[in-house]
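**Q** Here is what each chain is made of, one letter per residue.
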Amino acid sequence: MALIEFTEKGLYCPPADLYIDPWRPVRRALITHAHADHSRWGMGVYAAHRHSIPVMRHRLGSIEAVGVDYGEKLRVNGVDVSFHPAGHIPGSAQIRLKFGKEIWVISGDYKLEDDGLAEPFAPVKCTHFVTESTFGLPIYRWQPQHEVMSDLNGWWAANRDYGLCSLVLTYALGKAQRILSSIDAGIGEVFVHGAVHQTNLALEHAGYSFPHARYLTSEIDKSRLRGALVLAPPSALGSPWVNRLKPYRTASASGWMALRGNRRRRNADRGFVLSDHADWESLNSAVEATGAEHIFVTHGYSDVFSDWLRAKGLRADTVKTAFEGESAEMKPARNGENDSE
Amino acid sequence: MKKFAALITAIDATTRTNEKTDALVRYLEEASDADKLWCVALLSGNRPKRPVKTALLREWAASEAGIPLWLFEESYYVAGDLAETVALVLPPPEREDDASLTERMETLEGLRKKSDEEKEAAIRHIWRGANKAERFVFNKLMTGGFRIGVSTKLMTRALARHLGEDENAVAHRLMGNWDPRTANFQSLLADPDPDEDLSRPYPFYLAYPAEGGTEQLGPVEEWQFEYKWDGIRGQLIFRKGAVFLWSRGEELITERFPDIAVPALNLPRDAVIDGEILAYKDGSPLTFNHLQKRIGRKKPGKKILDDSPAVLMAYDLLEESGKDLRDMPLDERRRRLEALIAEAETDALKISPLLRPATPDEAGRLRAESRAAMAEGLMIKRRSGTYKIGRKKGEWWKWKTDPMTIDAVLIYAMRGHGRRANLFSDYTFAVWDGAELVPVAKAYSGLTDREMQETDRFVKQHTIERFGPVRSVKPELVFEIGFEGIAPSTRHKSGIALRFPRMLRQRTDKKPEDADTLENVRKLLEEFQ
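Residue numbers (my numbering), protein chains in the order written: chain A, 1 to 341; chain B, 1 to 529.
Treat the hints with care, as some may be off.
[What the hints assert, rightly or not] Among the chain A residues that face chain B by a calculated CB cut under 7 Å, a handful are:
no., residue
1, Trp23
2, Leu137
3, Pro138
4, Ile139
5, Leu259
6, Arg260
7, Val304
8, Ala322
[To be verified] In silico EDC-like links for lysine to aspartate or glutamate, alpha-carbon gap of 20 Å or less:
no., chain 1, residue 1, chain 2, residue 2
9, B, Lys2, A, Asp161
10, A, Lys246, B, Glu19
11, B, Lys474, B, Asp509
12, B, Lys460, A, Asp303
13, B, Lys400, B, Asp509
14, B, Lys511, B, Asp407
15, B, Lys132, A, Glu147
16, B, Lys302, B, Glu362
17, B, Lys388, B, Glu59
18, B, Lys2, A, Glu288
19, B, Lys49, B, Glu94
20, B, Lys388, B, Asp407
21, B, Lys523, B, Glu465
22, A, Lys312, A, Glu288
23, A, Lys312, B, Glu59
24, B, Lys493, B, Asp407
25, B, Lys132, A, Asp151
26, B, Lys493, B, Asp426
27, B, Lys132, A, Asp303
28, A, Lys320, B, Glu465
29, A, Lys312, B, Glu64
30, B, Lys511, B, Asp449
31, A, Lys312, B, Glu73
32, B, Lys3, A, Asp151
[Claimed, not checked] Covered stretches of chain B, as calculated for chain A (at least 3 residues, CB under 8 Å):
no., stretch
33, 12-22
34, 70-84
Simulated from the structure, these hints should not be mistaken for lab results. For every residue, glycine included, the Cβ atom is placed at its ideal position computed from N, Cα and C.
Could you build all of it, start to finish, from the sequences and the hints given here?
**A** As structure tokens, then:
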């Protein structure tokens, strides 16, 4: 019997009787991170990194949840369970399960670059590695964050000089805070949409702070928005909320902006290539660093990426999950926001 | 090359025309005359011949990136653009070269005569010394198809601003055949000699679709009504004894239509005539199908000239005896055109007859019946209007007949290119032949972005099989397909070819079994052939 089975409800560990990021209600769920496609409603009890818990409570309401530290050792029916940094968003974790000689690592979503906000990714040796493949093609190679931020700062400053408001459309959990932490706040004031603000408050419970971010309430005088930077989820663009920002320019910050077709199809004036997922090089080096004998490729370009791993001589298989890959960008999640790129 | 690549990046990064124009003007201010000419040529769609086979480019790029060819191909399906895929997969540059646009174009020109090994070495060398933006532009130059959202109008505006001259004058100079390798910026664009090029055509004035009919146009007396002919727009030039015939695509097609060009020598004086090239026999236009046979023939033989003879259906006069008439009112141009065509006394030059509806209702009836006259609707032109450049709203309207329609089932989808890369946007539709669905049309336009995204999601969730970029999907969605013409075809399994098929709407009220049958479609063929 394998330590992890891929079932209709999600990834299941029979000896421990636990699910990891299940998509149907189960009794006990380990959660890699708080994004909606990994952390769903209806589980009996949740265990996640302690930084994920306040956001999960904000999104899922009153849940029974256990907060765990990175590296903390748990033992469930003889299975060793621990959480390790995945670098994707605050609180995101790779989950390691050891039973006998088998060591599985379920990495959820991850990125290798240190974004200055989330605990940086730490490789974990294992025999079986479950990896995402959202950007698992060689056309996806990210620029370093400081270069992207410098472009974004330049765009903001230029808009400010024209008396325009700069609206960045981005996911309310993760990307928004990453931008808040690395933007040059000397350029002007920074405001956030309610969805971002609520997420910030939840993260503040976990010990993070976003001193530059002001909640954009109706009391804020319109004149202050000229030259300001505003962060909002993509759905805000189609709502009347956006009218008060006029005159404004929009930008979209996402890994999909690496492709010209997506940039041209986007609903924004500019596209910045900024992703919380691993690019091609990172996926490959992450897989290599685990030393795993068997790789399971989930959401994204999973067929192509596992073909590639096999071509390199590794044992690799594609696994169908309910995590969101290819079409996730278009699909609005609950509350009209969109988490997983 | 760095500056040109930066220009392309800047144009690509914005959707605003003003910002694009500003970027172009800034580039023109700084660039050398030679680079300017190349820039104008490339952005107006004049591009060099392909110096290398794209199959080889793929191999070299995959090898340079250290990935197998199949993985390169998978990446290409997703990016949807070869030049971009190559630029994205290549490893970071080793050096920073600084060659001008002109030098790069000369290198490409020189490559055409080289062996494949020499080409490979040269191209890999250039890749290694270029950043991502330069690689993209360089690859675009090698693969052709430099479409980056710069219209000729925008190019003209930027150039006019740079030269400090009138846009219309600059637009005219840009027309016709010129070669950036041999042309001189000063003499072509800055201070041209008017007699230098007898063949140079005028930019075409294009009509706007009149979606709402004639209601909003005001009194019908102020408008000239003609049929909208279903042929090829053409400009016939007769200057100093020489005849030139241009297509709207700025292609010189004089030799393809001797049955127009030779009789045009009878014109009594120098003239430039705007009209429609039509296949025409026994007092009536033939179907577009006949004309299509003519378009491909560089030197048509006797048989095809007999079967599908061509005429020019003239509708405007742009120049007479060396004088530019474009600023005259249409009524005056029309009066002169009628006199000129009458004097030419040839059947090959016809005049597009005026229709004279007394009321908007009557205009509507004429439009509805226009297929019987082998036309595809009405052209409505303001009688006092001048002849403008490009597509301008307000004075020239095309009011097409409603398209013919069928309901068909979506069975294949293919990833699009450019703006639609990574999106299943090119669809194949089928109708029932007994219990079997037979493909009958391919269409990729007519849906809004949102509808396309929904269809894209349907395709991804209902894929049956994958064939490279194409997927077969569960036959479930029914679309109303509109088209302008129908002809028999030996190349299609259905035996039928539709002209300008596009999606009018999704028929969410219909199940796949409610779609049309091949028999229905054949009836349409009999009716309109």
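**Q** Does each hint hold? Answer for all of them.
**A** A quick look at each hint next to the structure:
no., hint, in the structure
1, Trp23, "violated, 16 Å"
2, Leu137, "holds, 5 Å"
3, Pro138, "holds, 5 Å"
4, Ile139, "holds, 4 Å"
5, Leu259, "holds, 6 Å"
6, Arg260, "holds, 5 Å"
7, Val304, "holds, 5 Å"
8, Ala322, "violated, 13 Å"
9, Lys2/B x Asp161/A, "violated, 26 Å"
10, Lys246/A x Glu19/B, "holds, 19 Å"
11, Lys474/B x Asp509/B, "holds, 17 Å"
12, Lys460/B x Asp303/A, "holds, 14 Å"
13, Lys400/B x Asp509/B, "violated, 27 Å"
14, Lys511/B x Asp407/B, "holds, 10 Å"
15, Lys132/B x Glu147/A, "holds, 14 Å"
16, Lys302/B x Glu362/B, "violated, 42 Å"
17, Lys388/B x Glu59/B, "violated, 48 Å"
18, Lys2/B x Glu288/A, "violated, 37 Å"
19, Lys49/B x Glu94/B, "violated, 29 Å"
20, Lys388/B x Asp407/B, "violated, 39 Å"
21, Lys523/B x Glu465/B, "violated, 33 Å"
22, Lys312/A x Glu288/A, "holds, 11 Å"
23, Lys312/A x Glu59/B, "holds, 19 Å"
24, Lys493/B x Asp407/B, "holds, 18 Å"
25, Lys132/B x Asp151/A, "holds, 15 Å"
26, Lys493/B x Asp426/B, "holds, 19 Å"
27, Lys132/B x Asp303/A, "violated, 27 Å"
28, Lys320/A x Glu465/B, "holds, 17 Å"
29, Lys312/A x Glu64/B, "holds, 17 Å"
30, Lys511/B x Asp449/B, "violated, 23 Å"
31, Lys312/A x Glu73/B, "holds, 17 Å"
32, Lys3/B x Asp151/A, "holds, 18 Å"
33, 12-22, "holds (count 5)"
34, 70-84, "holds (count 10)"
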